[in-house]
Amino acid sequence: MKIDDTLGFAFRSLRGYPLRTGLMLLAMAIGVASVVLLTALGEGARRYVTQEFTSLGTHLLIVLPGRSETTGGPPPLLGETPRDLTLEDALALLRSSAVRRVAPVMVGSAPVTRDGLSRETVILGTTAAMAEVRNLSMAQGRFLPAGEASRAEAHCVLGHKLKTELFGNTSPLGRFVRIGERRFRVIGALAPKGQSLGVDISDVAIIPVASASALFNRVSLFRILVQARGRDAIPRAKKAVLDIIRERHDGEDDITVITQDAMLATFDRIFKTLTLAVAGIAAISLAVAGILIMNVMLVAVSQRTGEIGLLKALGAPGGQILRLFLSESAMLSLVGAALGLLLAGGGLLLAERFFPNFPMAAPGWALLAAVGVALASGLVFGVMPARRAARLDPVAALSRR
Amino acid sequence: MICLEQVERVFQVGEETVYALRQVDLTVQPGEYVSIMGPSGSGKSTLLNILGLLDRPDNGVYRLEGIDTTELGERKQADIRRHKIGFIFQFFHLIPRLTAAENVELPLTLAGVAAGQRKARVAEALERLGLADRARHRPDQLSGGQRQRVAIARATIMQPAIILADEPTGNLDRASGNDVIETIEGLNRAGMTVVIVTHDPELGQRTGRQVRMLDGRIEDDRRRAP
Numbered sequence: 014m015k016i017d018d019t020l021g022f023a024f025r026s027l028r029g030y031p032l033r034t035g036l037m038l039l040a041m042a043i044g045v046a047s048v049v050l051l052t053a054l055g056e057g058a059r060r061y062v063t064q065e066f067t068s069l070g071t072h073l074l075i076v077l078p079g080r081s082e083t084t085g086g087p088p089p090l091l092g093e094t095p096r097d098l099t100l101e102d103a104l105a106l107l108r109s110s111a112v113r114r115v116a117p118v119m120v121g122s123a124p125v126t127r128d129g130l131s132r133e134t135v136i137l138g139t140t141a142a143m144a145e146v147r148n149l150s151m152a153q154g155r156f157l158p159a160g161e162a163s164r165a166e167a168h169c170v171l172g173h174k175l176k177t178e179l180f181g182n183t184s185p186l187g188r189f190v191r192i193g194e195r196r197f198r199v200i201g202a203l204a205p206k207g208q209s210l211g212v213d214i215s216d217v218a219i220i221p222v223a224s225a226s227a228l229f230n231r232v233s234l235f236r237i238l239v240q241a242r243g244r245d246a247i248p249r250a251k252k253a254v255l256d257i258i259r260e261r262h263d264g265e266d267d268i269t270v271i272t273q274d275a276m277l278a279t280f281d282r283i284f285k286t287l288t289l290a291v292a293g294i295a296a297i298s299l300a301v302a303g304i305l306i307m308n309v310m311l312v313a314v315s316q317r318t319g320e321i322g323l324l325k326a327l328g329a330p331g332g333q334i335l336r337l338f339l340s341e342s343a344m345l346s347l348v349g350a351a352l353g354l355l356l357a358g359g360g361l362l363l364a365e366r367f368f369p370n371f372p373m374a375a376p377g378w379a380l381l382a383a384v385g386v387a388l389a390s391g392l393v394f395g396v397m398p399a400r401r402a403a404r405l406d407p408v409a410a411l412s413r414r
Numbered sequence: 756m757i758c759l760e761q762v763e764r765v766f767q768v769g770e771e772t773v774y775a776l777r778q779v780d781l782t783v784q785p786g787e788y789v790s791i792m793g794p795s796g797s798g799k800s801t802l803l804n805i806l807g808l809l810d811r812p813d814n815g816v817y818r819l820e821g822i823d824t825t826e827l828g829e830r831k832q833a834d835i836r837r838h839k840i841g842f843i844f845q846f847f848h849l850i851p852r853l854t855a856a857e858n859v860e861l862p863l864t865l866a867g868v869a870a871g872q873r874k875a876r877v878a879e880a881l882e883r884l885g886l887a888d889r890a891r892h893r894p895d896q897l898s899g900g901q902r903q904r905v906a907i908a909r910a911t912i913m914q915p916a917i918i919l920a921d922e923p924t925g926n927l928d929r930a931s932g933n934d935v936i937e938t939i940e941g942l943n944r945a946g947m948t949v950v951i952v953t954h955d956p957e958l959g960q961r962t963g964r965q966v967r968m969l970d971g972r973i974e975d976d977r978r979r980a981p
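As they're listed, the protein sequences go chains A and B.
Adding 13 to a residue's 1-based position in the first sequence gives its number in our numbering.
Adding 755 to a residue's 1-based position in the second sequence gives its number in our numbering.
Hints are computed from structural coordinates only; laboratory data are not their basis.
Source: prediction; values computed, not measured.
Careful, some of the hints might be misleading.
As the list claims (entries may be wrong) - Computed, partial: chain A to chain B, Cβ under 7 angstroms:
1. M14
2. D18
3. L20
4. G160
5. A162
6. L327
7. A409
Even glycine gets a Cβ: it sits at the ideal position worked out from N, Cα and C.
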């Protein structure tokens, strides 16, 4: 029997039992689609986190006051600190050749008022370097001007959301807002950037760090953002930061330095592992589909004993019958896999429509793996029923009607 | 052509050993028209299955055209079934999802005949059996007699030397049964060796040679004077 005739015969026998074939295709399609969609989800999460971290700025080091004594623990974001991190500490970091820019960050909360409108918002006290370090882009006006960091100028930059809520669509440039008890002149508004690692930087007011210090009546910084001169300079910059601060803090290591790249690499690894794990879980559903194929093929063999007996009487050797039934399972798993890919494609399109910010994408290896596993499980689980068919005793098979 | 020597077939049914065939000797010449009759359980179906290489004897030798078939492997036996033997069954054994033409085409497909050639031969066979207008019907759209004629077309499409029929009229009314028998006799006249297993004494009377079986033995073997 020729190969195309074998396939044709298998195809027609699948078409002869549409309900059974349809259900098996559905099972296979769901299995393949879930593998593809779940890996796309994992991959999407990985890309999302990477993208978020990159949007923080490049070659970034984050200096936090306080030091975690146990390695591996989370840095104390709000822990008690033996010594404050001050503006002078931050500026001292510029002494290192590995450091390009330094942006001190002081964080507080205060009402921002304009005419009758008032909002309680996060106030960031920083310097001009912040714009480059954090990749901030302006919608209107300009960022804090470069100059003496210790001068408490009375001007501010508004986040996009804050600007819209206070000024609507009118230009805020040159107008005054009241932050706490002080008046600030608006010199710029940020472009909408949205979430950045959970901190909504569109809902902030940015003022010079010295003004913030006066406003909140304190000198301690929330953190210092340091931009290294390049990727290679990051380790050097980290060491320099530690050295300089230790020197200034009487020989005590009381800060924590996190490098963005290290964090990024860690997240990348975690999410890759996660994606694989999720894909593995989804592959179980493919195996279940394979077992379903086996089950249904076994039923098919016992339903079609008469036909198998007839084929034997017509001179089909056992091997031929084996090939016929294997072709059926192979066809089922291939067509099922194709449907699954379509299903997954549709799902991805839908996801993209509803969550445009979440970059879901199925990696190529996941597609190949899904189809490969589908075909393999179809064939592996198809062997047993096919062998049973091939070994049927023709006399017994024909005597059943 | 067909030569059985001391053929035995034993079945184990629970604790009991059942002799379906006991030392059966039978020789059939090319072109003969033989009926095998006997009560249920007399071994006539087993004999037919052994003649058709669907079953193997436990003892004895079955030679088909001089070849000792008991020595052959499964593939070789399948080859012989494909090219030399045509089966006709009581319950037709048509594949329900295939059309009449596709059912007839099946042996050619299994033998690997090219598609173009197959169509021509199938059309010819259906024409010969008066089924040309039923080619595209499925078995459930055909009457019993038509179904059996489709089965005959299938059995003869490979031009086998031997036709083995197991109660070919057992499931048909009288008129279509007669029809089918005449068709089979036509094949015999064209030179095919025909062996029919039947319960029907009337059908048995028509054959040139009548073999009567009882308890796994050939009880009586008569040739009608030509």
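We went through each hint and held it up to the structure:
no.	hint	in the structure
1	M14	5 angstroms, holds
2	D18	5 angstroms, holds
3	L20	12 angstroms, violated
4	G160	87 angstroms, violated
5	A162	85 angstroms, violated
6	L327	5 angstroms, holds
7	A409	10 angstroms, violated
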